[in-house]
Structure formats: structure tokens, C-alpha cells
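There are 2 protein chains.
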Amino acid sequence: MTVPSASASASASAVTPTTPPPKVGIVGLGLIGGSLGLDLQAADWTVLGVVQNETTACRARESCLASRVDTDLAGLAECDLVLLALPLDRLLNPPAALVEALPPEAVVADVGSVKAPVLAVWETLHPRFVGAHPMAGTAAAGVEAGQRHLFRGRPWVLTPTPRTDPDAMVLVQHLAERVEAQVVKTDAAAHDSAAALISHLPILVSAALLLAIEDEPDAEVASLARELASSGFADTTRVGGGNAALGMLVTRTNRLGVLKGLRRYRARLQELELAVSAGRWTELQTALEKAGERRTSFRSCC
Amino acid sequence: MTVPSASASASASAVTPTTPPPKVGIVGLGLIGGSLGLDLQAADWTVLGVVQNETTACRARESCLASRVDTDLAGLAECDLVLLALPLDRLLNPPAALVEALPPEAVVADVGSVKAPVLAVWETLHPRFVGAHPMAGTAAAGVEAGQRHLFRGRPWVLTPTPRTDPDAMVLVQHLAERVEAQVVKTDAAAHDSAAALISHLPILVSAALLLAIEDEPDAEVASLARELASSGFADTTRVGGGNAALGMLVTRTNRLGVLKGLRRYRARLQELELAVSAGRWTELQTALEKAGERRTSFRSCC
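Going down the list, the protein sequences come from chains A and B.
Residue numbering for the first sequence follows my numbering, starting at 743 and increasing by one per position.
Residue numbering for the second sequence follows my numbering, starting at 743 and increasing by one per position.
Bound-form chain A, shown alone:
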């Protein structure tokens, strides 16, 4: 799945240890932006953080999320690399002032969880845009969420297109490696299809479980269910009970992939239901065994 980068070694000279580190701008200092700011400063990079208002700026400064925190976009003019660590909806509808503030010679990358729609917008807005998605936990959010080593050992997906400047991609890769992430290069469509299956479909599967239990008509059973729910239930429903606005947004942005996944999911669930309904217990056990075997092939599931 890795897209070979022919120019990687030639371009690497731009980022050898003897070169001074690039000056990085981070727009948005939430979980991803803030954590990135902390790690890059620890690696002696100079980081300019840009946030929306002075209250947030104050808290970001208190947490030392960047070398300098501004509410003004003007400082981006001095940056070699700008990371757009913005929520998906703002990334897809960027303010004109932000687009105008980005120097044309700087490398610009995002951190959005859906890639094809982001590239469709940003490749027309900036000549050196690189699509990127660091796959780090998203339970925490906001300017207090930044933490060291968030990206360590986690995948950092890069989705080059024929329009991607190879030098620009090398610089983003260098940044990802600097925070100890594992770079995975693939195309945006493959990323979005995979993300539909492992990130976006689970949100709906998990939320439907919470909603189905709400339908229990017997008040005693409903109350007992709440009292007896164990860690297994908590795990199965975690992503379905998460940030609703983000869940809606990724589903909307990755709609076709999610619908494709839902159709397959529905077919598999129906098979299990038919086995239970007909009392075909060997078939059910075989299916559950297969599910268990499959699970061990996934990263983070071992």
C-alpha cells in the first residue's frame, strides 16, 4: 500500500540534521495541534501557534503549547511549514483570511480524519499542500488536551497525489518522524475506505447499541441493565457515545465509504441473527471463532 517516493532521498538533504529546523506554524492548538507543539519544542523546533481568541491563547501560553501563541495570522508569513490542526468542518470551509495568510512557498499540511474531500478543497487553495492524518486518540479535546508523546509509534498517514510537491511531502514526513510517528503513505481513496471501516462505521454500530437498549420497555430491566453494565459494555459503546458533532462530520464527509460498510455489516449481522433464530449453534460458534481470529490481525488488537 506504500506509495514509493522516488525523490525522497534526493530531497532528504533539505532536512538533514545540519540544516536548522524549519519554523513551524500550527493553526489550532487542540489535542493534535497542542501535542505537536509540545513535542516539536522539545526537539528544539520553533513553533508559532495560532488560535481564535485571546482566552484560548492565554491558556495555550500557560501550557507552553508553542514557542509563541498569537490570535493574529500575520506571523504565518515567516513559517516554512504550516500545520492546519483544525476541526474537519473548518478545514473544509476555511476562512479566506487563513488562506490569504499562508505564504505560497511554505509547505501546508492538515491533520483531518478524511482525506479525499480535504485534498479536493486544499489542492486548489495552496500549491504546496500535503494531505496528512496522524492516527492518535481523540477522547480528549480542547486547549487543555495537548500531551507529550501522543504520536509515538502511532501511524501518521500521508496521502500524496500527482499534484503533491515531493519536497513538501519529505518535510511533512520529517516532522512526523520527529514526533516518533510511523509514516504510512497511501492514496486518499484507500485511506478513506479503510477509515470508514475501522473508525467511522464503528461509531454507528456502537451508537445503535446504546439506542437499542434505550428502547427496552420494561423499566426494571432497563434499570438493571444500567446497574449491571460491565467493562465489556463500556468498551463496545465507547466510540458510539463519543463526540456527536465529530461523529456526524466524519460520516457526512466519508458518506459513501460508511454506507458501503453499513451494507456489509447489516448482511453479517443478519447471518448471525438467522443462526440464532434457527438454533444453528455450530454455525454461530464458527462465525464467532472467525471473528476472534480476524481480530488478532489488526494493529492495536493484540
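Calculated from the structure, these hints are not laboratory results.
Careful, some of the hints might be misleading.
Selected chain A positions facing chain B (in silico; Cβ < 8 Å) [to be verified]: (1) P897; (2) E956; (3) D977.
Glycine included, every Cβ here is placed at the ideal spot set by N, Cα and C.
Using the hints, position chain B against chain A.
What follows is chain B alone, placed relative to chain A:
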């Protein structure tokens, strides 16, 4: 949901601190039986463990899971209380030798995760049987799985029937409290309905997700999904990738409850799918918000 126990205070005198602790037999020293043996011994109770073969007995003795470990059932004759910590299938089809070895005056209780079918079998086999279900984690299994404090703060469900001897129930309640569990009394049908929703339905919902991803026809996407799967995916699929034999068994034993849950689940998932399909994003976000609100009302989900 708590069934008032009119005789509880009167019978409590039988188990006051001045009374010597009852002699307990535990048949089966897996996760539940072994953990119980460790905690009860720490409370100065005498525990006889009975296992199937000498190899297991040897390992149970090495781990000090009971004061004495036998492969012979004869020792149960001296016990005041016998805990049947057996897998559900053996509990529902108990060997005649086990039934014969249980003294009629002893209290007998189980730890099975489905209660009505167990009571249907055991109330005809023993006059002082008490249906019980300690809700403790089941990821580990076998004679090496026993651990201290497994039950601390966890629900220990008791399901009395009109045939339950009140003194027998008080003794089982005393044992549960001795290992710091929280006793919840309810009827078997309500327990089984609640368990279908929070324990057994999630297994199928979660397994179907693993099976659906297996159906991905694009090898690059399938491989990328395995590589990028994060902690959210690991959590959502944990119970579906667990012990297949146990998953089948609880589904078979609690079939009607599971089928009822599956029907409601399917209806809710279809609503979400229709919202995605028709692009009704406000409706989707509202449903996800509702799911998130519901989740906070469940124990272990805060």
C-alpha cells in the same frame, strides 16, 4: 428492582462475626472459582477446591487457590456451602456424580451468566440452591486466571425464587459481601433480559463488525485497515473477538432475550443508515448526542 428479603435480618444471626466461617467447597477453579478461593482464604475461610484432573489440581495448589484441592468430590460432604464455578454447559448438564456428592443440608449456588435455565435445572436437583451471578471480567480463563479482589465493587446478582430458602440466600449474600461485591437481588427473568442487552447482544454486534471488515474486496484497503486500526476499533471489537464457545453458549441459553435485543438493534441501526443515506445530518447528530447521553447513565461508563 431489588427484591426485599423479609427474612434477611432474622437470618443474619446465622452469619454474625462470632459464628465460625462456613466451610466452603468450590467446584471449578477457573477465573471465578480461583479468585473466590484466594479472597475467601484471605478472609480466613476454609476452602475446598474440586477440579477435574490431577494436572489442574497441581497447578491450583501451586497458586494456593484453595486450602485443599481434590479431584475427588467426596470432600464436599463436609461443606456448609458449595459454589458451582463451572462453565455454563456443564452447569446445565451436571454430572450425576456431582449432584450426588452435594450434601442436602448444604447451601449450593452457581455463578452462571444466565439464570432462568440454571434455576430450572438446579431447583429440581437440590433443595437449598441459590441462583447467583458475580459480574466480574471474563477476559482471562483457566486455573492460572485467579486473582485477588476480582469482585471488589462489582455487582453480585442473586435471583431468589419462591422456592429459594431464605437462610440459604443470606449465606450466599454473606459470601459475596465477604469478597467486597455489591449484592443486587432481582428475579431471574429480569437478570436474563438485562444480560441479553448489556452482555450477550454486544458480542454479536461486535463480532459482525469484524466479519464485515473481512468482506472488504480491495486488498489494499483491507491491509490498510489492519495497519491503521486504533484503540477505538480495539475497544469496539473486544467482546466480539472473545471466547467463541462461551459467546455461543450464552446466546443459546439466553436465545429469546438476544433475539429481542437484535430486533431492536437492527431497527435503530436502520434509522441511522437511512439518515446517512438521505443526508439528514441534523437527525444523525441528534441520534449520536442521544447515544452519548444514554451512555453516561450506565455503570462502568462514566
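We went through each hint and held it up to the structure:
With 8 Å as the threshold, the beta carbon of P897(A) comes within range of chain B, its nearest partner Cβ sitting at about 5 Å, so the hint holds. Interface restraint check: E956(A) against chain B, minimum CB-CB distance 5 Å, threshold 8 Å, status holds. The closest approach between the C-beta of D977(A) and any C-beta of chain B is roughly 4 Å, which is under the 8 Å cut-off, so the hint is satisfied.
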